[in-house]
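Colleague: Letter by letter, the chains look like this.
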Amino acid sequence: MAIEVAYMVSAAHAAVKAQVARINALNVYPVPDGDTGTNMLLTLQAALDETSEKSYASPEEASRACARAALMGARGNSGVILSQMIRGACEVLADRDSLDAEAFAAGLDGARERAYSSVREPVEGTMLNVIEDAARAAREAVDAGDADLLSVVGAARQAAHESVRRTPELLAVLREAGVVDAGGLGVAVVLDGLYACVSGQEIEVPEEDEEDTPDLEAIHAQEEAWGYCTEFLVDGFDGDSDEFTEHVYASGRSVFVVADDDVVKVHVHTQDPGEALSYAGRFGRLAGVKVDDMEAQVRSRESEERRVARVGCVVASRGEGNRALFEQMGAVVIEGGQGENPSAADLARAVEKTGSSVVVLLPNNKNIVPTAEQVSELVEASTHVVPTRNIAAGLAVMVGYDAEGEPDEVVEEMREISESLRVAEVTRSVRDARVGDREVPEGAYIGFLGGELVAVEDGAGEAALVLARKILGDGADFLTLLKGEGLAEADLDTIVDGIRDLGDEVEIEVRDGGQPLYPLQLVAE
Amino acid sequence: MTTALVTDSTTSLAPGVLERPDVRVVPLTFHFGSDETYTDKVDMSNEEFYERLRDSDVFPTTAQPAPGAFVETYEALSDYDDILVLTLSSKFSGTYDSAVQAAGMVDRPVHVLDTKSAEMGSGLILLEALRCIDEGGDFDEIRHAAERAIGRTRVLFAVGTLEYLAKSGRIGRAQRLLGTALDVRPVLQVAEGEIVPLKRTRGRKRQMAAIVGEVKPAADAGRPLYFGHIAAPELLSELAERLGVEEKFVAEIGGVVGSHVGLGAYGVAHL
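As they're listed, the protein sequences go chains A and F. If you're matching positions, the first sequence starts at 6 in my numbering and goes up one per residue. If you're matching positions, the second sequence starts at 20 in my numbering and goes up one per residue.
Hints in this document: simulated from the structure, not taken from any laboratory. Just so it is clear, CB atoms sit at the ideal spot from N, CA and C, and this is done for glycine as well. Treat the hints with care, as some may be off.
[Said to hold, decoys possible] Coverage of chain A stretches by chain F, computed from C-beta distances (three or more under 8 Å per stretch; other residues unrestricted):
1. 398-408
2. 481-488
3. 511-517
Based on the sequences and whatever the hints tell you, model everything.
Modeller: Written out as structure tokens, the structure reads:
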């Protein structure tokens, strides 16, 4: 029996893709995170990549492959919970020969159970309620006796949407922000996709915005080392561009061919750069030729890095300055943070890269904490998550990291530091909002202390000082300030002077982290 | 039976010790560049040394005493039956080797002990040996007193920067603190004759709090303490106050050890 699951996964994926912008827009705080939809989509994408164009020998094999792929690709809080739902449903469906009304209801119940057990302190008014209500509706439809698969999926989907509308009644932060729960909507949209699939409808996906130029940096960061990285321009391009593109794609990996009038830019990793260049030379004049031996680069990097630490450390961080700071202190850095959550598989790869058998993970963002906690299931190393809430906190915790220390003591020391920290950050509101009894106009500088909104100001400096005053009032005496994008050097100086005026006993350390979205992050000890 | 003590200039000397006829000090030297040589704690005042350390762009280097300097000292103590030599840690300096070589060059018994410490630490060890002499102990008792003190003495200290220790090659196991991109203020310990990082702290206050936490039990138990600093007297007073003790023994660290730990360092030894 050949089992194909891709059509179901693909339907869910397409449905979320169509709604991703809408789901992203439903963030509670007017902070520029808004990535719930993206995270859920990327999680489904991982499952789709695994299952598409494949058939499996048994339902059990199909289920296991799909669940594992979702788990590997899970990003962000909502992505992790979604991956657990997929896992729960797959575990149930592994024993079924066909997807009928009863199997669907049982699968939803499995999804509900796994989702709840993956969250240590379930919160009312979230995607957990939505899956619960959907599972209950499906079960009731089956128990009523006369339901076929389509009507059961329909009942679940309808209950899910009603549940989403109720989330503000259950969760005050949603009510105050005037939104429904984003993750909950994501679950309802996934059920829409399944409904469309079972009923044979098409789902319309809005055209994706074509990016003007592909981000080559990003490709280099992700791409495995293979052959020669070859880049060049073909000026005055004359010839069959389709034939040209096809040839280049066939000649290597990580290919990008971008045409602009009669200039064509090419990026390809190939074992034979000479062939690629002489072929392209027939279509125009070559310019900006750059050829790097990637395998040699990796060999030299590896020989430098061959010493394996007794205790490894993996951090998620954004910003060039922060990367350099973390690397200097011995961590493996993966790019990811607010608005760009890494997947569990990204983190797992980084853990493997350390080569260490004990690895400390610093998520540096509360949305990455659950993803980091999944990693232990994916790697052989014993991983320990120290739940740092911003990048500045991660840096402070690194002070306790000792690559050659006694593993238990190192983890304990880093935990202790983490627990003694107060974290704060300044960001900008992305829309008009009301949080608690505060009006937050779009573009305002807003300050969070320990995750709570405590400052709404016109300038980054004012917001920073409100935060500093509160932190110092609580008795902290050592502050680390991490400058991000969008904060001028002069403003930073003003902030530092202002903090010194608040109390001459405080010691301040300033670093240029370069993180996006947060002009300033603070951590107090 | 009479016993004389010989030590080197890196041992902090409590008031009155230098005046004793039964104690002799063999100096190390320090150098700014190749043609400026100074005798430790003799040729240059501490103020002048601190100023040079602050302003000079060359790092001073240090040199152990020649064996001949120990031979002369041993020979000058011919009135005493026995000689006990207490040197700074053999992991910091070849002074111990010089003293041992010199012992083989004189035709009388000379016993050399590695204090596995320096400055305030070896200062306390010397005081224990002297106490035994003053209580009428014989050579074996004196040697035992010194050995016991060597086994028990702890030195905890804070440096303003790890740069000096790193450049002088005396950083020992504190080496691993060097890569830290943030301003980390470690608390260091002299253990088994070398420098070991005890705790990493951020900020001057936390650094001092960590030292206080380590030393408080000994201070409360009334055990002997010996303070030392390099151009940081006010930090030292604060430390003594937080430990709730009087600054009975305070050493101004000399040029040799100062060249290795840098300005702003302070610490305390206890038995």
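Colleague: Checking against the hints above, which ones are violated?
Modeller: Of the numbered hints given earlier, the structure breaks none, since each of them holds.
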